[in-house]
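Spelled out, the chains give:
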Amino acid sequence: MAKPEVSKKEKQPNVESLTWGNLTWVNIERPTDQETEYLAQNYHFHPLDLDDCLSRIQRPKIDEYKDYLFLVFHFPVFNKQTRATTASQLSVFIGEKYLITLHKGELKPLVKLFKECQIDEESRQENLSQGSSYLLYRIIDRLVDYCLPILNKIVGNIEEVEDNIFSDSARGAVKEISILRRDIISFRRIIWPIRAVIGSLEPKIRRFTKMDLAVYFGDTVDHVDKIWDALDEYKEIIEGLNDTYDSLAGNRTNDVMRMLTVIAVILLPITVIASIWGMNIPLPFQNSTHSLLFVFLIMAVIIGGMLYFFRRKRLM
Amino acid sequence: MAKPEVSKKEKQPNVESLTWGNLTWVNIERPTDQETEYLAQNYHFHPLDLDDCLSRIQRPKIDEYKDYLFLVFHFPVFNKQTRATTASQLSVFIGEKYLITLHKGELKPLVKLFKECQIDEESRQENLSQGSSYLLYRIIDRLVDYCLPILNKIVGNIEEVEDNIFSDSARGAVKEISILRRDIISFRRIIWPIRAVIGSLEPKIRRFTKMDLAVYFGDTVDHVDKIWDALDEYKEIIEGLNDTYDSLAGNRTNDVMRMLTVIAVILLPITVIASIWGMNIPLPFQNSTHSLLFVFLIMAVIIGGMLYFFRRKRLM
Amino acid sequence: MAKPEVSKKEKQPNVESLTWGNLTWVNIERPTDQETEYLAQNYHFHPLDLDDCLSRIQRPKIDEYKDYLFLVFHFPVFNKQTRATTASQLSVFIGEKYLITLHKGELKPLVKLFKECQIDEESRQENLSQGSSYLLYRIIDRLVDYCLPILNKIVGNIEEVEDNIFSDSARGAVKEISILRRDIISFRRIIWPIRAVIGSLEPKIRRFTKMDLAVYFGDTVDHVDKIWDALDEYKEIIEGLNDTYDSLAGNRTNDVMRMLTVIAVILLPITVIASIWGMNIPLPFQNSTHSLLFVFLIMAVIIGGMLYFFRRKRLM
Amino acid sequence: MAKPEVSKKEKQPNVESLTWGNLTWVNIERPTDQETEYLAQNYHFHPLDLDDCLSRIQRPKIDEYKDYLFLVFHFPVFNKQTRATTASQLSVFIGEKYLITLHKGELKPLVKLFKECQIDEESRQENLSQGSSYLLYRIIDRLVDYCLPILNKIVGNIEEVEDNIFSDSARGAVKEISILRRDIISFRRIIWPIRAVIGSLEPKIRRFTKMDLAVYFGDTVDHVDKIWDALDEYKEIIEGLNDTYDSLAGNRTNDVMRMLTVIAVILLPITVIASIWGMNIPLPFQNSTHSLLFVFLIMAVIIGGMLYFFRRKRLM
Amino acid sequence: MAKPEVSKKEKQPNVESLTWGNLTWVNIERPTDQETEYLAQNYHFHPLDLDDCLSRIQRPKIDEYKDYLFLVFHFPVFNKQTRATTASQLSVFIGEKYLITLHKGELKPLVKLFKECQIDEESRQENLSQGSSYLLYRIIDRLVDYCLPILNKIVGNIEEVEDNIFSDSARGAVKEISILRRDIISFRRIIWPIRAVIGSLEPKIRRFTKMDLAVYFGDTVDHVDKIWDALDEYKEIIEGLNDTYDSLAGNRTNDVMRMLTVIAVILLPITVIASIWGMNIPLPFQNSTHSLLFVFLIMAVIIGGMLYFFRRKRLM
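Residue numbers (the working numbering), protein chains in the order written: chain A, 1032 to 1347; chain B, 1032 to 1347; chain C, 1032 to 1347; chain D, 1032 to 1347; chain E, 1032 to 1347.
Here chain A stands alone, though its shape is the one from the complex (with noise of 0.2 angstroms):
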């Protein structure tokens, strides 16, 4: 009898579970066609919502079906090495008794939190006690305040940036704005449709409880709101900074132009005059010994006219 038992154990390598009175939490990691096949011999789940547990073009979705949910959530996971946000994809089954998670393990805090259920019974207590909705309220919820950290250095990296600008090191600020917006523009895009999905959660997830939860999601629904409205003032600004990065390097252009032309001025007139001297032809003051004084002071005379006349003119 033990061999087959391996050999089940050998199919279902990644679905660990914790219980708590009633409610079972199923956490699978990084999903593949096994643990799939696995939810569909224990429970009947409907086969489309197994395949968008796999496939990787989901969007975040509420399925009702009479005796359970199918939840899709993205959630945002920075990486260091590329600097980009891209969307972690968190799939949920919610019934009365059990709740069934499927992620990829990069979600940070929804690990940690199956972790320390593992480990510590109070903590066990505290989030399975509740039913199965306050369980999803505690996860979402730790996940979306996830997002702040991520949020706090996007404002430290606008805040550089345009300290930057604004120095003399402006050079590096092209590909840092060109960087964060980007990043900008994904982190709204996978937060965009999260806000409908939770703000249409409640309702649909009562039922599974008897305690009231309405409040709860308000508070997290406020909390993704406040992260839409920031990456929103975010975009503005990073398009302000691009313009003003542009108007600075105008101006920068035309300070390089000014000093050629202030040389020109000055030099010019200097080379011209030593020219004329310089043909071999008879010239005016020859052979006094003072002709280098007035020489020099025909260049200053020239010099000075120009002068003049370019600040007359407000052209430098």
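One or more hints might be untrue.
Since the list can't tell identical chains apart, any single copy or any two copies may satisfy a pair.
[What the hints assert, rightly or not] Here are the computed lysine-lysine pairs in the DSSO-like style, where the Cα-Cα straight-line distance is at most 27 angstroms:
1) K1206 - K1344
2) K1146 - K1266
3) K1344 - K1143
4) K1257 - K1111
5) K1135 - K1146
6) K1184 - K1139
7) K1241 - K1092
8) K1111 - K1143
9) K1092 - K1143
10) K1135 - K1206
Calculated from the structure, these hints are not laboratory results.
Model the placement of chains B, C, D and E on the given structure of chain A, informed by the hints.
Just chains B, C, D and E now, with coordinates in the frame of chain A:
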């Protein structure tokens, strides 16, 4: 009696059909007047609908009649040569016992599905045994999923452009950005009206089937929404990349200007001093043996002074 | 008795009418006070409506009264000389037994349709035999379809601009883009309010006909929506082309700058060295027979060094 | 008894009134505390409303009370000197038997209408005989129509700018565009809230009249919408013109750059060759009688070569 | 018995309260855990609300409970040093007999109002005698009106920037525009969610008062809308000014370029001719006494020719 039959065949060259149980799938590639006349003779369709199958200025829509529905879809087809995404029309007549599809043969997944059903009986059963509505779902689902490789191609191109922009080969990126931008704009315009049509389709074709297709069509709508979201994001990203390109090009112009200025600052003073000692008038140190050294010293002092001045004014 | 009749004719020179069965189509080109007075005497129209027929600041609208409807449409007319699309007003009074159209004679399809019905009895029957509502549908349908060649003209111009931008003749493209952009903006402003009017027209004129016109008007609304979608797309494309033009112009300026720099880097060192040996002071190699060779060698070394330096700094 | 009356007059210098039948029109120009106190003593208005008549931060609105309505309108007034459109407030109290208008005297059509009614009895009858609602309609209609000459002025300015941009006098166009843009923005902000107020006005003042004013107010709403549409279009056009101006300015900079380059390509080689033969070392052809010819030939060859090279590289 | 009281005082240092009739106003500045614990002990508030008072990521909102309402507002506070507008939170618990306000002490009008009521009995009566709802109105009204001087400051800054842009001191305008833009963006983000909260507040707090507050709150909503409209307008204006600045900067660069070109056109030919006559080869007019005159003539002809050529080509 043979001749009339031949002439009849000449009249309807592109009408192919499949039957399973009650359901007949009529597929017409590249419809012309001949084919619509054939339909007019065999079915009681509204003349405006038959016109619409041939017209070029349709918009995706659902026209409801007592016995049948007339649907027009536009799906994106990517033309590799022109690198442009264009819309290809699919006209559908759906009744309880028939599904008639008219298209130009550009929609490969549809052509392939029809062929599969022709050749493979199992496939025919799988697609046709659940009534005309389910068959329609199968066709639309395939066509929607066919958009994903086009999307992935766009993402790939965007990432390539992004890499190019910050490298030295930024030059060609303008054209690349322009083409991508136009392609994304066209793609969005094609997807936009399909969303509404597919979203409102299920309740209208419910009567042609015993199966509950709500979950299936809900899934397809999610996919279309996902495509729309992605295109929206790509549009914002490509606009951001265009701005970044311009900022970087501004930087590059500025670099060239600075280089010119550096050259001017170093070489012009030498020329000036050399011109002065080239004058045919009595000059200081003229007859000294170290005159060249004196002159070089004067040049070095002037260049040094200018460099110091411009550095201090942060103009260089 | 003759004189009064003549004077009466003098008063209403531009009122033409057609009759078939119960229905009379009154067509008034270039209406003035005379024509509206004629209408005021023969029909019981609201004075504000008659004013609106002559006013220049109308907006497309439907005014409902017990016996009749007063409609104002604006259709785009393309002026080849100014290359601008302007709105031309069509005012319509529709009752059960009459349809009165007032316009400036610029709407060619309407003028043509009226002439057809005057000359050709078959055409008269086809258009007038189904009641005033159907006649109205025929007129609107022709006028909407008349927008398509204007659209195609715009597409053609956009493609031409696109080709020009990437070719050497990019210069003139700015003016072309500016004119196209303004034209598209005007066109959109004309189409925008028509959509709402045509979309809500059918239920209001249903009472004047026995025919079911819902499908017909639905088709026309689809065409107007298609035109709107197309204009929206063209607007986005032309804005994208403007950005592309600017990016390419920036590139071109950069190219010219680089050329200037290359010239400076090659020619200035030669001048500098030549000036030095042009000084009237004792110089090295001055009396050697290979002095020119030595000097050229020094020039070549300096130019080479500068080219190497700038290439390495990726400034050239 | 005379004195108190005089003092009373001193207290209410700007209250003028007209009466026809039951209806009294009270017109107050430049209201101050004195005038609102007068109203407070004679009518039972809400103190907040009286405050609003004097306040500067109102928004167009309708406040309904049992006996009367309090309306705030803002109409655009064009200041020729500053070339800016600003909002001028009109506060209205309307009851069954009175209409009280408070404004700063800047709304010329209103001032003129009141004067007409004072002087001309026929005009008084025409405007006041149909109840307070009709009088209100007459006032608003005049004020709305008064926007049209301002609009026409803007169109004229836009067309002037358009002509300037493509001519040689493009310089001043920036300032012109900037002023026009700001003016259009301000104008839109004034019209925007009036639309809602006028649109919802008719049902609320129906009770003060026996006449059916729906058609009249519908007409006014159409005019306001027309103005809004026009301003929207102008905003888009002026933004497009700004882009066009920038593209053309880029072209012009490019032209100047090219000219500089052409000068450099022609003159620098001459200087270079001349400098070489100016060196104080043994030079070829130095003693030939045709030496100048030889040197000019070398110059011509170098210039020709450079021109050929740059033309071929399409840099010039 | 003294000691416990002291320790109690230590626990609640920042809780101040006012009473008039039934109503108590509790004001808590800079709330910490101590203060929320104090509230938890004395009132039956939901623990989530008490958390929200201390949290930094709230959004303006209304949470309704049976006995009380919990409100969160954010009002703009302008920091003179950083020149940035930031949001300052005001948390309010409102019941029939109490109003509890928690804030960081940055909202000066609120601090001032509380002090007035502490010191001046008349003021206390005026604000507190009408129930908690009216007191809340008084607080919000003051805080909303406090936005107006900030708005006026922004308008002043915009006008200053506008004047600067067209003057010679345009340089610093970029930074000014950038700071103003960011400030307006932040301000808008703060006002946006308050609109919804204040707009829906009145019906929810009606039960705590006998007075009809609808007109009062309607007035406050109008003020908030006015602020919103103004900020929207300022945002458009500042974006327009940024565009204008860029166009003008482009003009200025062009001017400098032209000046350089003028210098080049005048000075280079002189140098060229002088260099030619500086060659150590036989030259024409070399021994003539008027040789210098001849040479100057040649220079003048060349300069004149170039000026004529470029003027004709409209390049200068």
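**Request:** Have a look at K1111 and K1143 and pick one of within, between, both or neither, based on CA distance no larger than 27 angstroms.
**Result:** Answer is within: at 20 angstroms inside a copy they meet the 27 angstroms cutoff, but 43 angstroms across does not.
**Same-copy or cross-copy closeness of K1092 to K1143 [CA-CA at most 27 angstroms]** = The answer is within: 24 angstroms in one copy meets 27 angstroms, while 31 angstroms across copies does not.
**Message:** Within, between, both or neither: how does the pair K1135, K1146 come out at a Cα-Cα threshold of 27 angstroms?
**Reply:** within (15 angstroms within a copy, 38 angstroms between copies)
**Request:** Using 27 angstroms as the alpha carbon limit, work out where K1184 and K1139 are close: within a copy, between copies, both or neither.
**Result:** within (17 angstroms within a copy, 31 angstroms between copies)
**Prompt:** At most 27 angstroms between C-alpha atoms: does K1257 with K1111 qualify within a copy, between copies, both, or neither?
**Reply:** Answer is both; intra-copy 24 angstroms and inter-copy 26 angstroms each pass.
**Request:** Using 27 angstroms as the alpha carbon limit, work out where K1241 and K1092 are close: within a copy, between copies, both or neither.
**Result:** both (24 angstroms within a copy, 26 angstroms between copies)
**Request:** First find the shortest C-alpha distance between K1146 and K1266 inside one copy, then the shortest across copies, and answer within, between, both or neither for a cut-off of 27 angstroms.
**Result:** Intra 36 angstroms, inter 41 angstroms, cutoff 27 angstroms: neither.
**Message:** With identical chains, the pair K1135 and K1206 could be close in the same copy or across copies; at 27 angstroms between alpha carbons, which is it: within, between, both, or neither?
**Reply:** So K1135 and K1206 fail the 27 angstroms test inside a copy (31 angstroms) and across (38 angstroms) alike.
**Prompt:** Taking 27 angstroms as the upper bound on the Cα-Cα distance, should K1344 and K1143 be classified as within, between, both, or neither?
**Reply:** neither (70 angstroms within a copy, 49 angstroms between copies)
**Request:** Pop the pair K1206 and K1344 into one bin, within, between, both or neither, using alpha-carbon distances up to 27 angstroms.
**Result:** between (38 angstroms within a copy, 19 angstroms between copies)
Figure legend: structure checked against the earlier numbered hints; hints not met, in rising order: 2, 3 and 10.
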